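Chains A and B supply the protein sequences, listed in that same order. Be aware that the first sequence starts at 1, since it is given in the working numbering, and climbs by one per residue. Be aware that the second sequence starts at 1, since it is given in the working numbering, and climbs by one per residue.
Some clues are possibly wrong.
To give a feel for the contact side, a few chain B residues facing chain A, derived at Cβ under 7 Å [to be verified]:
1) Pro7
2) Arg15
3) Gly19
4) Thr22
5) Cys54
6) Pro78
7) Glu79
8) Glu200
9) Gln203
Once the Cα atoms are required to be at most 35 Å apart in a straight line, the calculated DSBU-like pairs of lysine-lysine come out as [claimed, not checked]:
10) Lys15/A / Lys209/B
11) Lys143/B / Lys114/A
12) Lys409/A / Lys143/B
13) Lys209/B / Lys411/A
14) Lys209/B / Lys114/A
15) Lys358/A / Lys428/A
Label pairs and their computed distance ranges (CB to CB) [as the list claims (entries may be wrong)]:
16) Ala35/B / Tyr77/A: 30 to 40 Å
17) Gln170/B / Phe178/A: 29 to 39 Å
18) Phe178/A / Gly111/B: 50 to 60 Å
19) Gln73/B / Gly203/A: 45 to 55 Å
20) Ala35/B / Arg38/A: 21 to 31 Å
21) Asp360/A / Glu28/B: 50 to 60 Å
22) Asp305/A / Pro174/B: 48 to 58 Å
23) Ser125/B / Asn250/A: 51 to 61 Å
24) Gln377/A / Gln170/B: 22 to 32 Å
25) Ala35/B / His293/A: 44 to 54 Å
26) Gly203/A / Thr34/B: 22 to 32 Å
27) Ser417/A / Gln170/B: 36 to 46 Å
Derived from the structure by calculation, the hints contain no laboratory data. Since this is a predicted model, take the numbers as computed values, not measurements. By construction, the Cβ of each residue, glycine as well, lies at the ideal position given by its N, Cα and C atoms.
In case you want the letters, here they are:
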Amino acid sequence: MAAVELSVELHDPDKVYLDGEKIRGEIVVRSEKNVTCRALMVSTAWSTHGRGNVDRSTVDETEVFSGSWQAGQQYRYPFELTTASWPPTYYGNYLNVSHVVQAQAKLAWAFDPKASVEFVSWATQIPEDGQPQRAKGPTPLVLKLIGATFGIVLLGVVGAMFLFLVPVLLIGGGIVWFFKSYLPRSRTGKVECALEPLQARPGETIRGTMRFTPQRKLTVNEVRYRIVCEEKCVSGSGSNRTTHRHEVVNEPHALVQATELLPGTMQAFEFEYRLPTNAPPSLDLSDNDINWHVEYRIDIPRWPDFSQKLPFRVGLGPHRVGGQSSDGEQSSGGPPARAPSVAESWLAQVAEQLRVSKEDPQRRAIVLEAIAEDDFQMEVLIEEEVGRPPEAADRYGGVWFTGVETESKEKLIIHFSGGISQPPVHQKWQGRVAIIGFIPNSEQLICSAFSQPPRI
Amino acid sequence: MTSNKSPYAYLGLWRNPFGELTPHERAELAVVDTARWEALLSDPRCVIQFVGDCGFGKTTTLLALQSRLAGSQRVYFPEFGPRPALPRSRPLLVDEAQRMGWLRTQRLLRGDGPLVLATHVDLASRFEAAGFRVITESVECQKSPAIVADILNRRIDASRVQGCVPSYPQPVAPLDERCAQRILDRWGHNLRHVESHLYEELQVCVREKLPWPLSN
Numbered sequence: 001m002a003a004v005e006l007s008v009e010l011h012d013p014d015k016v017y018l019d020g021e022k023i024r025g026e027i028v029v030r031s032e033k034n035v036t037c038r039a040l041m042v043s044t045a046w047s048t049h050g051r052g053n054v055d056r057s058t059v060d061e062t063e064v065f066s067g068s069w070q071a072g073q074q075y076r077y078p079f080e081l082t083t084a085s086w087p088p089t090y091y092g093n094y095l096n097v098s099h100v101v102q103a104q105a106k107l108a109w110a111f112d113p114k115a116s117v118e119f120v121s122w123a124t125q126i127p128e129d130g131q132p133q134r135a136k137g138p139t140p141l142v143l144k145l146i147g148a149t150f151g152i153v154l155l156g157v158v159g160a161m162f163l164f165l166v167p168v169l170l171i172g173g174g175i176v177w178f179f180k181s182y183l184p185r186s187r188t189g190k191v192e193c194a195l196e197p198l199q200a201r202p203g204e205t206i207r208g209t210m211r212f213t214p215q216r217k218l219t220v221n222e223v224r225y226r227i228v229c230e231e232k233c234v235s236g237s238g239s240n241r242t243t244h245r246h247e248v249v250n251e252p253h254a255l256v257q258a259t260e261l262l263p264g265t266m267q268a269f270e271f272e273y274r275l276p277t278n279a280p281p282s283l284d285l286s287d288n289d290i291n292w293h294v295e296y297r298i299d300i301p302r303w304p305d306f307s308q309k310l311p312f313r314v315g316l317g318p319h320r321v322g323g324q325s326s327d328g329e330q331s332s333g334g335p336p337a338r339a340p341s342v343a344e345s346w347l348a349q350v351a352e353q354l355r356v357s358k359e360d361p362q363r364r365a366i367v368l369e370a371i372a373e374d375d376f377q378m379e380v381l382i383e384e385e386v387g388r389p390p391e392a393a394d395r396y397g398g399v400w401f402t403g404v405e406t407e408s409k410e411k412l413i414i415h416f417s418g419g420i421s422q423p424p425v426h427q428k429w430q431g432r433v434a435i436i437g438f439i440p441n442s443e444q445l446i447c448s449a450f451s452q453p454p455r456i
Numbered sequence: 001m002t003s004n005k006s007p008y009a010y011l012g013l014w015r016n017p018f019g020e021l022t023p024h025e026r027a028e029l030a031v032v033d034t035a036r037w038e039a040l041l042s043d044p045r046c047v048i049q050f051v052g053d054c055g056f057g058k059t060t061t062l063l064a065l066q067s068r069l070a071g072s073q074r075v076y077f078p079e080f081g082p083r084p085a086l087p088r089s090r091p092l093l094v095d096e097a098q099r100m101g102w103l104r105t106q107r108l109l110r111g112d113g114p115l116v117l118a119t120h121v122d123l124a125s126r127f128e129a130a131g132f133r134v135i136t137e138s139v140e141c142q143k144s145p146a147i148v149a150d151i152l153n154r155r156i157d158a159s160r161v162q163g164c165v166p167s168y169p170q171p172v173a174p175l176d177e178r179c180a181q182r183i184l185d186r187w188g189h190n191l192r193h194v195e196s197h198l199y200e201e202l203q204v205c206v207r208e209k210l211p212w213p214l215s216n
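With the hints as extra help, turn the sequences into a complete structure.
Rendered as structure tokens:
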């Protein structure tokens, strides 16, 4: 049996701590033996975990006790510590960022017990350099000068050693440039791509443009843009260094389908893209990053494509804390940032907007009209057959079922017209649906299926 | 650690156990018979070399030994870039010893041990010619299901949330030897590959809120 057991109790374990707020709680010590504690330390820290090398930092630390503990006794020590203002709590696929309060007792002649508890940290502002605070002091100028001198000497030595590789690198680089830049531009002419703003928040709209003037008739399979959010994590070091990438968001959109573009005529394409409300924030940690970019592509048949990536940064949206968002809007509490699926992000947005307009029929009608032409790919767990809801009085025929969308857990009443096979109850159904209404009392989406779904 | 926030919480975990560990954690969780090696390393003319390809546990073994051998020092030789100087302290643990280069190898051969080498290439003949007693351990030899189960269970235990059972809906049960054998049959004996595949499998389960391990 351990001589001492520790636990950490937070005063408000479900609170979301914003921008370096203070966190309070107690360290509970249960002593099974008479022991001497040299120091009972409690600290706040953040740490990455997942596929990348662990990056972490201690934010605040204090000693709450030193002295003796008697066998069979319980002791409580209050603490108040600062939390990190950056990075925010995040749960993704390859990258996660957790914030903890950790306690450790340094005992004489015994194993040092530890305990920790996780909490959610959020931020309303990103640091200017995008870097988290780290618990280390400034590097003395002398050391910086030594480091710089060593770096220059090393570069010279290594450069001299690899001088013979320069022609090889030039040839290799030239080949890459030839295929990726020269050849495509010989067909498209100079392509100007732009994006604004280069820093946006979740729910905000980014706007992109692409302009080029082909010098001769140009057949294209497609001109498109793709929104990408990628977790990039590096594990190992040296020759074992491995980069792991996971695309959290990958949304291609066509600007023009297969067509012929006339020479000498400027082709101009514009798009607007609304970021999901729970878009992961851009993160730049050691060996753990979340990066957003737009990729423009001109797909040329039997020819190297033109492509260009423009990176942009995504900040943090207002976090919903206990019914009140940090920008004053009333809303329900939300989870920490996590990687959304494409369908979930849009469906969650729509459902949230309809819930917000529960008491406002006019606003609800505007939301429904805005999505009247949209459809969603869904997987629904069918519950039971029900009658036509009053809110869908204009829908005749077919059958109605209640169900739950499996990913977002949104409650639905879904209509299957006569032309669509009825799904069996208590089984999952997949297909495309349109949202045609909302039942305020039960907060159910009213949907209409309009494709032949494959059964799961 | 206690956590109600993490998507891994329903499994009684605070993280995916098969993600990257810190060097300290790798040393703490390593399943290495250090007592066997410590006894041999009392001889200053002893060299232990762990030979094998990447992903079979050479560096993890060195980290575990370093944590248990008082006064020991570990040096790593990168594939590119300047080679570090050899520390004078003993025991000396050399990671990627095949990259030492002629000069540093000569320094070791002329000096004393005890030495522990992690290498892709068998260096026994050179050290034996210099009068060392060399013990060679191939890390690529197949690990038993019991050992593999122990390795994976240590990682799982280090990732559990406090008060796991019965507070969490589907806490991860310890892996038994039969499960470990299925893992080895499916993904082979390269532990890095095993951990990579298990990471992906667990992530799929977390997304679907399924129990882990899966019954197959």
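Checked hints:
1. Pro7: Cβ of proline 7/B sits 5 Å from chain A, so the hint holds.
2. Arg15: holds (4 Å)
3. Gly19: Since the shortest Cβ distance to chain A is 5 Å, the answer is holds.
4. Thr22: It holds, given that the least Cβ distance between threonine 22/B and chain A is near 5 Å, below 7 Å.
5. Cys54: holds (6 Å)
6. Pro78: Check passed: Cβ of proline 78/B comes within 4 Å of chain A, closer than 7 Å.
7. Glu79: holds (4 Å)
8. Glu200: violated (9 Å)
9. Gln203: holds (6 Å)
10. Lys15/A / Lys209/B: It holds: about 24 Å lies between the C-alpha atoms, which stays within 35 Å.
11. Lys143/B / Lys114/A: holds (32 Å)
12. Lys409/A / Lys143/B: violated (44 Å)
13. Lys209/B / Lys411/A: Since the Cα atoms of lysine 209/B and lysine 411/A sit roughly 18 Å apart, the hinted pair holds (cutoff 35 Å).
14. Lys209/B / Lys114/A: holds (29 Å)
15. Lys358/A / Lys428/A: holds (28 Å)
16. Ala35/B / Tyr77/A: 30 to 40 Å: holds (39 Å)
17. Gln170/B / Phe178/A: 29 to 39 Å: Violated - the Cβ-Cβ distance for glutamine 170/B and phenylalanine 178/A, about 55 Å, lies outside 29 to 39 Å.
18. Phe178/A / Gly111/B: 50 to 60 Å: holds (53 Å)
19. Gln73/B / Gly203/A: 45 to 55 Å: At roughly 53 Å between Cβ atoms, glycine 203/A and glutamine 73/B fall inside 45 to 55 Å, so the hint holds.
20. Ala35/B / Arg38/A: 21 to 31 Å: Holds, since alanine 35/B and arginine 38/A (Cβ atoms, about 29 Å apart) stay within the stated range.
21. Asp360/A / Glu28/B: 50 to 60 Å: holds (57 Å)
22. Asp305/A / Pro174/B: 48 to 58 Å: Once the Cβ atoms are compared, 51 Å apart, the range 48 to 58 Å for proline 174/B and aspartate 305/A holds.
23. Ser125/B / Asn250/A: 51 to 61 Å: Hint holds: Cβ distance 53 Å, inside 51 to 61 Å.
24. Gln377/A / Gln170/B: 22 to 32 Å: holds (28 Å)
25. Ala35/B / His293/A: 44 to 54 Å: For alanine 35/B and histidine 293/A the Cβ distance comes to about 53 Å; the hint holds.
26. Gly203/A / Thr34/B: 22 to 32 Å: The hinted range 22 to 32 Å is violated for glycine 203/A and threonine 34/B, with Cβ atoms some 54 Å apart.
27. Ser417/A / Gln170/B: 36 to 46 Å: holds (39 Å)
The earlier numbered hints that this structure contradicts are 8, 12, 17 and 26.
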